[in-house]
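A.B. asks: As a plain string of letters, each chain reads:
Number of protein chains: 2
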Amino acid sequence: MRPVTSKRVPRAVREQQMLDAAVSVFGRQGFHAASMDDIAELAGISKPMVYAYLGTKEDLFRACLHREATRMVEAVVGAVGSSTRPDEQLWNGLRGFFSFVGERRDGWNMIYRQSRGLEPFASEWAEMRGRMIDIVSGLLARAVESAGGPSGPEHLEPVTYALVGAAESMADWLADRPGEDPGRTAARLMNFIWLGAEDLLHGAVWRPSS
Amino acid sequence: MRPVTSKRVPRAVREQQMLDAAVSVFGRQGFHAASMDDIAELAGISKPMVYAYLGTKEDLFRACLHREATRMVEAVVGAVGSSTRPDEQLWNGLRGFFSFVGERRDGWNMIYRQSRGLEPFASEWAEMRGRMIDIVSGLLARAVESAGGPSGPEHLEPVTYALVGAAESMADWLADRPGEDPGRTAARLMNFIWLGAEDLLHGAVWRPSS
Chain A
1 MRPVTSKRVP
11 RAVREQQMLD
21 AAVSVFGRQG
31 FHAASMDDIA
41 ELAGISKPMV
51 YAYLGTKEDL
61 FRACLHREAT
71 RMVEAVVGAV
81 GSSTRPDEQL
91 WNGLRGFFSF
101 VGERRDGWNM
111 IYRQSRGLEP
121 FASEWAEMRG
131 RMIDIVSGLL
141 ARAVESAGGP
151 SGPEHLEPVT
161 YALVGAAESM
171 ADWLADRPGE
181 DPGRTAARLM
191 NFIWLGAEDL
201 LHGAVWRPSS
Chain B
1 MRPVTSKRVP
11 RAVREQQMLD
21 AAVSVFGRQG
31 FHAASMDDIA
41 ELAGISKPMV
51 YAYLGTKEDL
61 FRACLHREAT
71 RMVEAVVGAV
81 GSSTRPDEQL
91 WNGLRGFFSF
101 VGERRDGWNM
111 IYRQSRGLEP
121 FASEWAEMRG
131 RMIDIVSGLL
141 ARAVESAGGP
151 SGPEHLEPVT
161 YALVGAAESM
171 ADWLADRPGE
181 DPGRTAARLM
191 NFIWLGAEDL
201 LHGAVWRPSS
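Residue numbers (our numbering), protein chains in the order written: chain A, 1 to 210; chain B, 1 to 210.
Treat the hints with caution; some may be incorrect.
Which bits of chain A does chain B cover? Going by a derived footprint, with three or more residues having C-beta under 8 Å, they are [to be verified]:
{"id": "1", "stretch": "15-26"}
{"id": "2", "stretch": "142-148"}
{"id": "3", "stretch": "184-190"}
Hint data in this document are derived by calculation from the structure and do not stem from the laboratory. Cβ atoms here follow ideal geometry from the backbone N, Cα and C, with glycine treated the same way.
Kindly produce the complete structure, drawing on both the sequences and the hints.
C.D. replies: Written out as structure tokens, the structure is:
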């Protein structure tokens, strides 16, 4: 008797299972090396069904990228929360970001290591990065405003790029080191960003209030 | 009468002319879109001669990448100089780096935007990035040592990645903005790295001693 459960899975759930399998295969093997056979096998679904549900390999990669990038943005925005202290906002955002990278290394590989260099996904990559820049830029603008400093975008834009680049690079360091704790990595970056090298060299430490 | 000068150009000079033309074409058009015809034409040399001197398009791209990356590393190492103050060392290194990016945008495009995503050049990209990480890591280790702090590599490595990532991201911001002054961009990053967000929010400014 065939297992009836496999027929009862709703389409939306089935699609998420396929995307889970695809993120895992793409994230480890890369776009070119990954095969639809491997993805179908890992998802426990026939290959024609994968094509029928999600289209070509390129469509599938794009759908994975979109889902992972959306989760990354949500992880950061959701973590920033409603704290009014700028350092706490930054700290919460960094924790959300590094947690995402620690928990979803395959998704991170797709977003950061693969899509940026793949011609068909260049616009997706630029759009994702633009969203991260916007989030951090808004966060910095509010911090500057609350401190009564100059908040013109021409002033903040390059620093926003520096902050995003620092977080990306450290996250990529984390993605290669499964033994590292994402919260600890976030704390290291928070100290660096908030206190600066001079204070750190003199032994200063930033700590969250809670 | 044919111009005799074109026959008198030594091979080494001719090769550098070809590399100059190739960096300009690759940097603006990317590896796939760039044609050997365009490169030969810009260099004022026949296409068979380009192949004879520097090999296939892949060989040529690799030769360009190697030359530009070497210049980038030399620009940073040369600029750090012999200052003993850690902030001056960092400042000099950043100035060297941003000057390079400002002066050689096509080279920067090849190094940062193109090679990292192109399969045949993945190992070159990793090697170049490793050299930058080593340089910055040595610089930070000396700074920490001179301040008497803990200098274990496990402590410094993630911060090194953050610093390199911040500089790369801000340099890429600069590369798209021909009107920006590289020295001013370097000063922005120096302030951010050295003083940190907290001091900057309260109006602090880092200034070089000279």
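A.B. asks: Of all the hints numbered above, which does this structure not satisfy? Sort the numbers upward.
C.D. replies: Violated hint (a single one): 1; every other hint is consistent with the structure.
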